[in-house]
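First to last, the protein sequences are chains V and S.
Numbering-wise (my numbering), the first sequence opens with residue 3 and increments by one.
Numbering-wise (my numbering), the second sequence opens with residue 107 and increments by one.
Just so you know, the hints here were simulated from the structure itself, not pulled from any lab data.
Here a beta-carbon is modelled for each residue, glycine too, at the ideal position from N, C-alpha and C.
Hints are supplied without guarantee of correctness; some may be wrong.
Simulated coverage check for chain S against chain V, where a stretch passes if three residues somewhere in it have a Cβ under 8 Å from a Cβ of chain V [as the list claims (entries may be wrong)]:
hint, stretch
1, 136–142
2, 233–239
3, 248–260
Under the rule of at most 20 Å between Cα atoms (straight-line distance), these lysine to any residue pairs were calculated in the SDA-like manner [said to hold, decoys possible]:
hint, chain 1, residue 1, chain 2, residue 2
4, V, 121, S, 196
5, S, 404, S, 257
6, V, 121, S, 257
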Amino acid sequence: MRRRTANGLTLALATAGLLIAGYLTLLHYDSSVPLVCSAGSFVNCETVLTSPSASFAGVPVAVWGLVWFGVALGLAALLLRVEAGDDATTLRTVSRAWTAAGVIGVLYLVYQEVGVVGKICAWCTAVHLVVLAMVIVQSVDARDERFEPRPQLDENRIDERS
Amino acid sequence: MPQKDTRSHALVAAARPGAAAVVWVIGIVAAALVVTMVAAMIHRRTVQQAATAAATAIPPAAQPVPAEIMAEVENVPDSAWQRAGTQAAAMPVFVGDSDFANGKPIVLYIGAGYCPYCAAARWSMVAALSRFGKFSGLSLGSSSPADVFPNSPTFSFYKSSYTSDYIDFESVEEAGELQGLDGRYPTLETPTPAQQALLEKYDAPPYVNAAGAGGIPFMLVGGRYMWSGSPFSPGVLSGKSQGAIAATLASGAGAAAQPILGNANVITAAICAVDGGKPANVCSPPIIRRAIQALPTKSP
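Start from the sequences and build out the full structure, keeping to the hints where you can.
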């Protein structure tokens, strides 16, 4: 995967996550915003979003998501501008660490939904899938960075060495 | 020669150690997800088994409302009623007909124990109806731990009675608070055909939007004023006991007291509007007279 493609995909995924987290934040603070979600026995956004598990450290989880995706989006945008050099290497490391932190957040939230609330929120699952997709994109990108295109061999030089 | 080069590059690519690293990363994340979900399901199952064991060990006998809590709900001072006002209260829908029994207007409530919105509504109803008569046999209740706004503290009308010189009160608690092992809430009471007909007639468009049709709580005052749904967010009751909430009613201050009493003021006004303004000491204060004037006079 080309580096620019990976950065673009990460940017798109972070934007999608930011939009969903924004919608969930609006839902939390504005009761007039309609909740478009199943209200079934297992998939039930309202139950999840109004449960005590919908807050972490007194702050709605949706707001945490908004912050996380906002930072991820900023890092992806910076990486698109700075594609090479030491700055890019540092940024990529920070971006991957941030995504790893996001995975830990996803695991915690999945535990809360399945283990504590006993119901799944479709919008939350969409956010989790976005984070997991970012992991895949960044993993493939990390693989490819170890295999930059090799320079053309100068057969004459080889001949000279041999 | 070029063909040989291409093949050798393909072989190198297939054998990239980085490809294995990607599989490892994705595999570790997937495994972590699976472990998390299994741990969560085990936790959930343990909690449910403990809840079932507790429910089996302790019969869910209704606990009567302690006298001091009842007294605080029944004897809200005028200053608290005034302070609560009606600004943030849910106004009823005017449905037009009159419904009297034995010369007295009927106040009909249909709800259920598990329902957190009914939990909120009951607070305002008990406070308002206590101005016109007296409850006996009310029990403490809380909404379902498995629903939204879990364990919202409230009262239950199930097996209670109400006497008043001015109104008749009919309550139907359709189901209990706790799910059985089959996931269903136990049926407690069933509306009479007449009550069911009122629910189907008024808890439907054009009086409520189609999405909320048939929802509970449903309250009808004198066949004229109808509420469908929660008068305020049950979230204000969250984490508090009935005693703690009742203790705030005397001041009318606090996140719970204000909406409870504000909505009770509107219910009071609706009752005064259909029972001829009796009793005068309840229906004549300025806050109630203003609320009566603010009641809707036309059907939607």
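Okay, the hints, checked on the actual structure:
no. : hint          : verdict
1   : 136–142       : holds (count 3)
2   : 233–239       : violated (count 0)
3   : 248–260       : holds (count 5)
4   : V:121 / S:196 : violated (30 Å)
5   : S:404 / S:257 : violated (37 Å)
6   : V:121 / S:257 : holds (17 Å)
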